[in-house]
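*Asks:* The opening position of the sequence shown corresponds to residue 699 in the working numbering, with each subsequent residue numbered one higher.
Everything labelled a hint here was simulated from the structure, so no lab data went into it. Fair warning: there could be bad hints in the mix.
[Stated by the list, open to error] Calculated cross-link-like contacts (lysine to aspartate or glutamate; reagent style EDC-like; alpha-carbon spacing at most 20 Å):
| id | residue 1 | residue 2 |
| --- | --- | --- |
| 1 | K711 | E1021 |
| 2 | K881 | D820 |
| 3 | K881 | E745 |
| 4 | K881 | D728 |
[What the hints assert, rightly or not] Simulated restraints, written as ranges between beta carbons of each label pair:
| id | residue 1 | residue 2 | range |
| --- | --- | --- | --- |
| 5 | R1046 | V822 | 37 to 47 Å |
| 6 | L927 | L827 | 37 to 47 Å |
| 7 | G909 | G750 | 35 to 45 Å |
| 8 | R1073 | F970 | 19 to 29 Å |
| 9 | N779 | L990 | 38 to 48 Å |
| 10 | F970 | T1101 | 24 to 34 Å |
| 11 | R821 | R1073 | 40 to 50 Å |
| 12 | A1053 | I721 | 48 to 58 Å |
Each residue gets a CB set at the ideal place from its N, CA and C atoms; glycine is no exception.
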Amino acid sequence: MVLAVLPWTPQGKTVFNYSARAIIGRAQSDSWGQMHIALEEFRAHPEAPLYGDVFFRRHIRFPYAPPSLLLTSMVERLPVNEFAVLHFLSWLVFVATVLITVRLFRRSTDRDGHAAATGRLDRVVTSILVAGFTLTFYPVVKGFTLGQIQTWINLSLTGALLSWTAGSEARGGVLAALPCLVKPQYGILLLWGLSRRHWRFCAAFSAVLVGALAISIPTVGWANHRNYLWMLSYISAHGESYFANQSVNGLLQRAVFNGENLTWREDAYPPFNPGVYAGTLLAALTLIGFCLFWAPRASRRASATDLMIAILTCVLASPVAWEHHYGILLSIYALLFPVLYQQRVFGRATLSWLAASYILTSNYFGIAQLAAGTRANPLQSHLLLGAVMVLVGLYRLRGLEQTGEEERS
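Construct the complete structure from the given sequences, taking the supplied hints into account.
*Replies:* Okay, structure coming up:
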């Protein structure tokens, strides 16, 4: 907070600027505008390659998979303004995120035996505090104020976590699959389910994908689905240097001063850089490899910790991971804090580690942008660092869970 409000902080912004806008429901139309334009282009030029046309002729970044157009098409049929409907639904999604995060936290505390030791007043106060943390968590409120479909994606993933902790694999599979209809990197979750042999999760996940594709391929066309794969390869090769890209690719792009750092340009990507591309690919393969193949025997049962690792890997392994993509971290913190309060995975440093990661991920540090033109610009990747700290803590916790299961057996 002190760093955020220093006089020389650009524009004097803090996370509370975004919190206030979210509470009163003020949002832009980032995703909704892109989806509307893409649907218009498809209808006007059904034979043209949709993604190439939108990207290079209209200079509109429409990064969503073809099934996402089905949502836009359905909303347009309503007898009211489509943007008003989407903004209202997004606000409901935002409220639901607050409520489910509170539910996750309470479920985590109940699981660890805190429920019997706390009174009703304590539980009410704790719920209010968790709601407050949600309303001031930068990736969550930033996503809403942008008008981002990522807000919906994060809610769906939060629901998947809640379902998993309740023992409902099938419902978790459905909710985990919905983000994949918009952003296919979440398909890693299907591979994760297969590697853990959770067949009900995989069957539900696959049913959602097959059903959506059975509608979108005849509607949008097979050629546009192929064209989407071309667009993904283009983004993977070029990445994004703008500071809001909190991925390994963004870190590397800024480190070698390849592309714009402080200025958002929708009509241009950074030039292809072989070193950055190689580093991005290596990081992605490492993260995905650890997620899928480093699975202790006991964790084949796939605890909630293991699922959280997989979800966070989907974000970290992507070449473009905007700040609002990390909104799912809030749900992870809600489940993680009560557990780490009891199981000190880093000894005395456990809570300090978790608190440091939370500070790095939950705030908007405008002051970090002062380092943009210097060799110190990795400081701009504070959200990435905080997320990696959470991932390390999750792996450590999973290891302790396995040790406990082996001792009990």
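*Asks:* Now tell me, hint by hint, if it's right for this structure.
*Replies:* Evaluated hints:
Distance hint between K711 and E1021 is fulfilled; the C-alpha atoms sit about 15 Å from each other, no more than 20 Å. As the CA atoms of K881 and D820 are separated by approximately 39 Å, the hinted pair breaks the 20 Å bound. A hinted pair counts as satisfied when its Cα atoms are at most 20 Å apart, and K881 with E745 does not qualify at roughly 24 Å. As the CA atoms of K881 and D728 are separated by approximately 16 Å, the hinted pair is consistent with the 20 Å bound.
Checked against the hint of 37 to 47 Å, the pair R1046 and V822 fails, with Cβ atoms roughly 31 Å apart. Range check, L927 to L827: Cβ separation about 45 Å, and the 37 to 47 Å hint holds. Range check, G909 to G750: Cβ separation about 27 Å, and the 35 to 45 Å hint is violated. At roughly 23 Å, the beta-carbon separation of R1073 and F970 lies within the given 19 to 29 Å, and the hint holds.
N779 and L990 have their C-beta atoms about 44 Å apart, which keeps the hinted 38 to 48 Å range intact. Here the CB-CB span from F970 to T1101 is close to 45 Å, at odds with the stated 24 to 34 Å. As the Cβ distance of R821 to R1073 is approximately 49 Å, the hint placing it in 40 to 50 Å holds. Checking the proposed 48 to 58 Å range against A1053 and I721 shows it is violated: the Cβ atoms sit about 25 Å from each other.
Violated hints, in rising order: 2, 3, 5, 7, 10, 12; the structure is consistent with all others.
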